Amino acid sequence: ENTLNFTKHSEVMQFIRELGFLKDDFVRLCVNLDEVLKAYDELLALREKKPMMMDGMVVRVDDLALCEELGY
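Mapped onto this note's numbering, the consecutive letters of the sequence shown carry residue numbers 1 to 72.
Bear in mind the hints are in silico, worked out from the structure with no lab data behind them.
Treat each hint with caution, since some may be false.
Claimed, not checked - In silico EDC-like cross-links for lysine to aspartate or glutamate, where the CA-CA straight-line distance does not exceed 16 Å:
#1 49 <-> 25
#2 8 <-> 62
#3 8 <-> 48
#4 49 <-> 69
#5 8 <-> 69
#6 50 <-> 24
#7 50 <-> 25
#8 8 <-> 55
Since the structure is predicted, the reported quantities are computational estimates derived from the model, not experimental observations.
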């Protein structure tokens, strides 16, 4: 249940960062598939420079109401 009345996942993540958690420097808000693919290519280029191993990228739907409709 969303008791803090956030409507977007990006708002939740911003709130969490403001609390002092998550300092990930690679966060992109994409509005279409082309932007997601561009972000993926960008992450691939940065992958070798990251201090930890990566095996993929997480793509989230930002609209929390739509997430509920989709079953998340």
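Now the hints, each set against the structure:
Between residue 49 and residue 25 the CA atoms are separated by roughly 12 Å; this keeps the pair inside 16 Å, and the hint holds. With a CA separation close to 5 Å, the supplied pair residue 8 and residue 62 stays within the 16 Å bound. Distance check on the hinted pair: residue 8 and residue 48 sit about 31 Å apart at the alpha-carbon level, beyond 16 Å; violated. Straight-line distance between C-alpha atoms of residue 49 and residue 69 comes to about 37 Å, which puts the hinted pair past the 16 Å bound.
In summary, the hint linking residue 8 to residue 69 is supported, as the alpha carbons are separated by about 14 Å, within the 16 Å threshold. At most 16 Å may separate the alpha-carbon atoms for a hinted pair to count; residue 50 and residue 24 meet this at roughly 11 Å. About 10 Å separates the Cα atoms of residue 50 and residue 25, which keeps this hinted pair within 16 Å; it holds. The hinted pair formed by residue 8 and residue 55 fails the criterion: a straight-line CA distance of about 26 Å is larger than 16 Å.
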